[in-house]
Amino acid sequence: MLRIRHLEKRFAGIRAIQDCSFDVEDNSITALIGPNGAGKTTVFNLITGFIRQDKGKMRYNGSSIIGMKPHAITNLGITRTFQLIRLFPKLTVLENLLLAEHHSGENLINAIFRPQRVKREERKKRRRCMLLLKLVGIEDKADSLAENLSYGQQKLVEIARVLATKADLILLDEPVAGVNPKMRRHIKDVLKRLQKAGKTILLIEHDMNFVMDVCEKVIVLDHGKEIAVGTPKQVMKDKRVLEAYLGNGSDGLVGT
Amino acid sequence: MIEAYLMHLLVLIGIYMILAMSLNLAMGFTGLLNIGHVAFYGIGAYTSALLAVNFGVPFWLGLIAGALVAALFGLLLAIPTLKLKGDYLALATLGFAIIFEAVMRNWVSLTNGSLGLPGIPKPAIFGFTFSSTFSYMILVIIFVALTYLFIRHITQTPFGRVLKAIREDELVAKSLGKDTVKFKMISLAISAAFAGIAGSLYAHYVTFIAPSTFSVMESILIISMLIVGGLGSVEGSILGALVLLLLPEPLRFLPLPIYAIGALRQIIYALLLTLILILRPSGLLGEFRFRRKQDA
Ligand SMILES: Nc1ncnc2c1ncn2[C@@H]1O[C@H](COP(=O)(O)OP(=O)(O)OP(=O)(O)O)[C@@H](O)[C@H]1O
Ligand SMILES: [Mg+2]
Numbered sequence: 082m083l084r085i086r087h088l089e090k091r092f093a094g095i096r097a098i099q100d101c102s103f104d105v106e107d108n109s110i111t112a113l114i115g116p117n118g119a120g121k122t123t124v125f126n127l128i129t130g131f132i133r134q135d136k137g138k139m140r141y142n143g144s145s146i147i148g149m150k151p152h153a154i155t156n157l158g159i160t161r162t163f164q165l166i167r168l169f170p171k172l173t174v175l176e177n178l179l180l181a182e183h184h185s186g187e188n189l190i191n192a193i194f195r196p197q198r199v200k201r202e203e204r205k206k207r208r209r210c211m212l213l214l215k216l217v218g219i220e221d222k223a224d225s226l227a228e229n230l231s232y233g234q235q236k237l238v239e240i241a242r243v244l245a246t247k248a249d250l251i252l253l254d255e256p257v258a259g260v261n262p263k264m265r266r267h268i269k270d271v272l273k274r275l276q277k278a279g280k281t282i283l284l285i286e287h288d289m290n291f292v293m294d295v296c297e298k299v300i301v302l303d304h305g306k307e308i309a310v311g312t313p314k315q316v317m318k319d320k321r322v323l324e325a326y327l328g329n330g331s332d333g334l335v336g337t
Numbered sequence: 014m015i016e017a018y019l020m021h022l023l024v025l026i027g028i029y030m031i032l033a034m035s036l037n038l039a040m041g042f043t044g045l046l047n048i049g050h051v052a053f054y055g056i057g058a059y060t061s062a063l064l065a066v067n068f069g070v071p072f073w074l075g076l077i078a079g080a081l082v083a084a085l086f087g088l089l090l091a092i093p094t095l096k097l098k099g100d101y102l103a104l105a106t107l108g109f110a111i112i113f114e115a116v117m118r119n120w121v122s123l124t125n126g127s128l129g130l131p132g133i134p135k136p137a138i139f140g141f142t143f144s145s146t147f148s149y150m151i152l153v154i155i156f157v158a159l160t161y162l163f164i165r166h167i168t169q170t171p172f173g174r175v176l177k178a179i180r181e182d183e184l185v186a187k188s189l190g191k192d193t194v195k196f197k198m199i200s201l202a203i204s205a206a207f208a209g210i211a212g213s214l215y216a217h218y219v220t221f222i223a224p225s226t227f228s229v230m231e232s233i234l235i236i237s238m239l240i241v242g243g244l245g246s247v248e249g250s251i252l253g254a255l256v257l258l259l260l261p262e263p264l265r266f267l268p269l270p271i272y273a274i275g276a277l278r279q280i281i282y283a284l285l286l287t288l289i290l291i292l293r294p295s296g297l298l299g300e301f302r303f304r305r306k307q308d309a
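Residue numbers (the numbering used here), protein chains in the order written: chain A, 82 to 337; chain B, 14 to 309.
If you are wondering where the hints come from, they were derived from the structure by calculation, not from laboratory data. Only true hints are included.
Taking lysine-lysine pairs in the DSBU-like style, the calculated list, with each CA pair at most 35 Å apart, reads:
id	chain 1	residue 1	chain 2	residue 2
1	B	K96	A	K206
2	B	K195	A	K200
3	A	K200	A	K222
4	A	K200	B	K96
5	B	K195	A	K205
6	A	K215	B	K195
7	B	K96	A	K247
8	A	K314	A	K298
9	B	K96	B	K195
10	A	K306	B	K96
11	A	K200	A	K277
12	B	K195	A	K138
13	A	K150	B	K195
14	A	K171	B	K195
15	A	K222	A	K277
16	A	K247	B	K195
17	B	K96	A	K136
18	A	K136	B	K195
19	B	K195	A	K206
20	A	K222	B	K195
What the simulated footprint calls covered on chain A by chain B, stretch by stretch (three residues with Cβ under 8 Å from a Cβ of chain B suffice, anywhere in the stretch; the number is not a length):
id	segment
21	152-162
22	170-180
Predicted, not measured: the structure shown is a model, and the values here were computed from it. Virtual Cβ for every residue (Gly too), placed ideally from N, Cα, C.
Looking at chain A on its own, in the form it has when it is part of the complex (with noise of 0.2 Å):
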């Protein structure tokens, strides 16, 4: 589905990206873990097209994507999710979701024109999107402005903005940072539906035990360059991720 192959980014001097290649298979879902700086932010920057990268290739579903704007990338399925909770604070939470998707109305000509058929678009979008709030547990606060909600809510609505996007590829970056246990429950039963649902499943992720719950393949991420891809067991057992990990003194594999 996706493949990435000698990946490489500079920024002023440090190689933050270098020679990095994985694929992530079709209606799998993979996690892309590493000890903080490694790159793996600046992975979804640039397969989002965020950023552009110095050299190296990167293919969707067999056709290059590189030096595509975001939202055309956007537009041939793939969709992401920011590491610190980016939503649109002054619109309510229905409205986040509702611009996930295109909608004949954004078109001026449309929005003037044909009233009519823009109402009975919305009103067909409102109810799809008011589902995707029930199935992440939030209905009720279809109406609230975004910026008024709590952090675990906020994350709620940002996966289920994601969903409203209908890609096929969805990239998240630690969707479950910062999460209480039950969520991260929650969470975990919305992605592994999602699977089933047919989707690819591209995340960051800090927690292993959560990694290990719900990935099936993982790739390990050291200063910019891909060092064990495998199972979860796999790669817990690879002694360069070790070495990665407690060379670096960060939070990580260990206890877990």
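Based on the hints, put chain B with the ligands in the right spot on chain A.
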């Protein structure tokens, strides 16, 4: 006498209402920091005035031409600046307004320079000439109503929702598949077009325009109307224009020399803005205020 003056005041307030509502579309709804709105106002005024004076083009055609030319300049300004990150648009629009005024002042053969362009005819539609202040007031009120209905309508559609999303967090809007540059360009072009209409209404009312009418300070006044009324509220723009233009009026009855009144007016504006920013940072009716943007 008083009535005539009130009607005159209403015409001017109406024109500023159109300016404020149109700027609100770009600034309040889309988050585009446009400091040179006055230049689009001036472009509309000069386009329709020059067409009328030199070629006898009827008012309504001149008005449409003014709107189109203003929109075109809005697009020209948008293309190089909106793709860049940060508030380049603020700089570009500010520079544009300064250049516009300078060109109008110095292109004497076309605009008659600082002396201004006299003899702009009063509008005539279907043989009826809007020569009385009363009839012009009605004309302006109709345009205020049309502007209000149009801008309110589009900001309530899914199109307007995308504008607000861009204002809130452009990066996320992009990540949701919105071609944000395109939306920003459309927003700026419509905003400029309505400013052009306001300019045309002004020119054919006063029948005389000069570059000084369209100085950058005028932009600051319009922005103040938005801040007082509230960014992102169409009704707020109407209220803001009303408050800012009516508030200094009682000063006229004070026995003070003209220059003192001018200074007092500035002081009152400054006080009012400060007060509003302290008591109601998002304006009387607003929902949004500018703040630092996050990056990826
Ligand atoms: N826009 C940027 N400009 C300069 N340096 C950057 C930029 N983005 C990331 N970096 C640097 O690239 C490196 C990788 O950062 P990245 O955010 O990808 O790490 P990460 O693996 O997501 O870390 P964490 O687990 O802490 O989120 C870091 O050294 C970071 O400082
Ligand atoms: Mg990160």
